[in-house]
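Q: Residue-level listing of the chains:
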Amino acid sequence: MTVGGGPVVEEEKAEGFTFPPDVTQLGIISAIIAIVIVIIPGLPAVVKAVGVIFALLWGTDSVRKTSKYGLGTGVPSIGVLAMGYGILGALVGIAFAGILNVSIVQPGVLIGVIAMAIVGLISGVLSNNEKIIGMKIPGLERGMMELGMAGTLAMVLQFSIVAGSLNFDLVIEKAVSNGLIAVMFVLSMMAMFHPYNACLGPDERRPRTLMVSIEISGLLCIILGIFVAATAGSTWGVAGLVDGISLLIFGLIVWIVFFVKFIKTAMREAHSTVGTGLIRTIE
Amino acid sequence: MLFAWMLLIVFLALIACMFEDLESDMGSQSNPNSQVQLAAQVGQVNRFFNKAISGEAPSYALYCTIAGVVAYVLLLREVNPLLAIPIGALAGEAIHVIFSVTAHVGRTAAQKRFEQPIYLDVLYGHLLPIATHGFMATLCITAIAYIQCNLGTLSGMPALNHPFALPLLAFIWGITVGAIGSSTGDIHYGAEREFQDRPFGEGKRVVYHGKITRYADCGVRTQKDIAYFCAKYGGPVTGLTFGVIILFESWRSLVGMMLGGYLPLQEAMASDTLLGTVARVATELLPAIPAAIGDLTAIIGILVGLAIGIVLIVGNVVIVKWARKRYGPFVGE
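Residue numbers (the working numbering), protein chains in the order written: chain Y, 448 to 730; chain P, 38 to 370.
Hints are not guaranteed to be accurate.
Said to hold, decoys possible - For lysine-lysine, the following BS3-like pairs were computed, each having C-alpha atoms within a straight-line distance of at most 30 Å:
no.: 1; chain 1: P; residue 1: 149; chain 2: Y; residue 2: 708
no.: 2; chain 1: Y; residue 1: 512; chain 2: Y; residue 2: 708
no.: 3; chain 1: Y; residue 1: 711; chain 2: P; residue 2: 362
no.: 4; chain 1: Y; residue 1: 711; chain 2: P; residue 2: 149
no.: 5; chain 1: Y; residue 1: 711; chain 2: Y; residue 2: 512
no.: 6; chain 1: P; residue 1: 362; chain 2: P; residue 2: 269
no.: 7; chain 1: Y; residue 1: 515; chain 2: Y; residue 2: 583
no.: 8; chain 1: P; residue 1: 261; chain 2: P; residue 2: 248
no.: 9; chain 1: Y; residue 1: 583; chain 2: Y; residue 2: 512
no.: 10; chain 1: Y; residue 1: 515; chain 2: P; residue 2: 248
no.: 11; chain 1: Y; residue 1: 512; chain 2: Y; residue 2: 578
no.: 12; chain 1: Y; residue 1: 512; chain 2: P; residue 2: 149
no.: 13; chain 1: Y; residue 1: 515; chain 2: P; residue 2: 149
no.: 14; chain 1: P; residue 1: 149; chain 2: P; residue 2: 248
no.: 15; chain 1: P; residue 1: 358; chain 2: P; residue 2: 269
no.: 16; chain 1: Y; residue 1: 578; chain 2: Y; residue 2: 515
Just so you know, these hints were derived from the structure itself, not from any lab.
Could you put the whole structure together from the sequences, leaning on the hints where they help?
A: Following this line, the structure appears as structure tokens:
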């Protein structure tokens, strides 16, 4: 996928739907919300889904910030990289989830997040260092660090939705060995890179891009909801069924709201939206 | 029986990759891909569907994995596979259409300053062909994953069931089919079609970028023309590539299993005759026997694979030499 367009000029317009916080604020808010939700594995699935949405939103914003420099083909790659970090970090996190328990709070899982922040920072420094790879992308160190953390948070939350706890053996049994990890991986990475990839162009606008991320998170909730509801009988009974169906309905609502909103916004902000027509003649 | 299932997988792979290639032409994900992305920016306003869902490999991994998970859930609920696999593929295609809409609308809206409008008839008119072609590909891939997952049960040798779960196999096959579809059969791309009068191998000059998105042989060009053009040769040849890859791969493993003695051993152990009892007792008492048989199987399989690889390399060299001789001097030589 090759995309031209050269350096993208940032144009902040006040019209239409906007996300109030800027990049840093959104990162901090999303991180705090996701971390608070992730360390309490006893919460219902819908609350965890809110955490997933915020974590992926943060990831999308980081992808956008890092790729805006003109990555082009690198946009999908960086999303896949983020979820690669995410899976590693999530496995490290749940391996440490058993320690440091304070009643229902399990802060041990944050070790995975911190580990991936360090790994991301190191790979960012290595890629940008002139003596090693010398990519010279501004903000790559911070972007990689954020991607690693967002990916890990999103993945741990999804594990915890499907397995109902952060027990390592339970997660391996209910989320990894039955192949569900594949759909988590592929939909989360799409939620991270597809928004910016789909809205790429000189007239890309941040609120529009972020809407797509929330929409895809809605789809992720639908799929996980179907899975949790359908396998409830074999996993954890009625609570699982309620969790699954509430997740499904939540995902459906989120998806419909943001899909319609995005399509309307994009059609309004395009040069023009016409039923049909011939192409403009070039002299 | 095992060979029959393997051949069925090969056939499904052929169909899957053929439709995958045509679908990617329909959505401009593979064929004049970068041309479509660039066209409006160099002033060539067009009526193309701009389906920018990453590369083909990750996007097909997405649809096939969703199809695999939905089919897996239905199979857990003991739905008949003949029903579960199409429903899974349908779910995968629903996701595909949603992603296509966001990609086309988003990309076109981001090209506002180049006066590229969103043509609603282009948007709606391409969704159904995208969904139908994609459905065929996803259906075949999910079926392959299902057959592989249950290969042992279907062919009567339970030891041959694939250790991976269905969604994981669908993920792997989705990436494979996307990667092969994206690298093979692009006979429409720029230089190949529009510049047939240029010297062989010249490539494409930047000044012509985006021109191929404007006019067809008759009227304004859309992706439907491209899929029609590619369906005659590009699509089938892509399917053939994937089918042949799967054929050689399965054939070499099966030949290794036959000659190495793994399959005869499994067959003997599954039977109720005296030989079966002897085989079971022997493998229990002397674990070195099955280990040696396994080693031999792997070695023969690898040797056959190397032989196939050498034959293919030699064949490619011969074909390239012939083509260069036949179609004139290659630019740059």
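Q: For each hint, tell me whether it holds in the structure or not.
A: We went through each hint and held it up to the structure:
1. P:149 / Y:708: With a Cα-Cα distance of about 19 Å, the restraint between residue 149 of chain P and residue 708 of chain Y holds, given a limit of 30 Å.
2. Y:512 / Y:708: Roughly 23 Å between the alpha carbons, so the hint for residue 512 of chain Y and residue 708 of chain Y holds.
3. Y:711 / P:362: 56 Å, violated
4. Y:711 / P:149: 15 Å, holds
5. Y:711 / Y:512: 24 Å, holds
6. P:362 / P:269: Judged against 30 Å, a Cα distance of about 26 Å means the pair holds.
7. Y:515 / Y:583: Cα-Cα ~13 Å, so holds.
8. P:261 / P:248: Between residue 261 of chain P and residue 248 of chain P the Cα gap is close to 17 Å, so the pair holds against 30 Å.
9. Y:583 / Y:512: Holds, at roughly 14 Å.
10. Y:515 / P:248: Holds: residue 515 of chain Y and residue 248 of chain P sit about 27 Å apart, inside 30 Å.
11. Y:512 / Y:578: Holds: residue 512 of chain Y and residue 578 of chain Y sit about 24 Å apart, inside 30 Å.
12. Y:512 / P:149: The given pair, whose Cα atoms are some 21 Å apart, holds under the 30 Å limit.
13. Y:515 / P:149: Holds, at roughly 17 Å.
14. P:149 / P:248: 19 Å, holds
15. P:358 / P:269: Answer holds: residue 358 of chain P to residue 269 of chain P is near 25 Å, not above 30 Å.
16. Y:578 / Y:515: 24 Å, holds
The structure fails hint 3 only (numbered hints given earlier).
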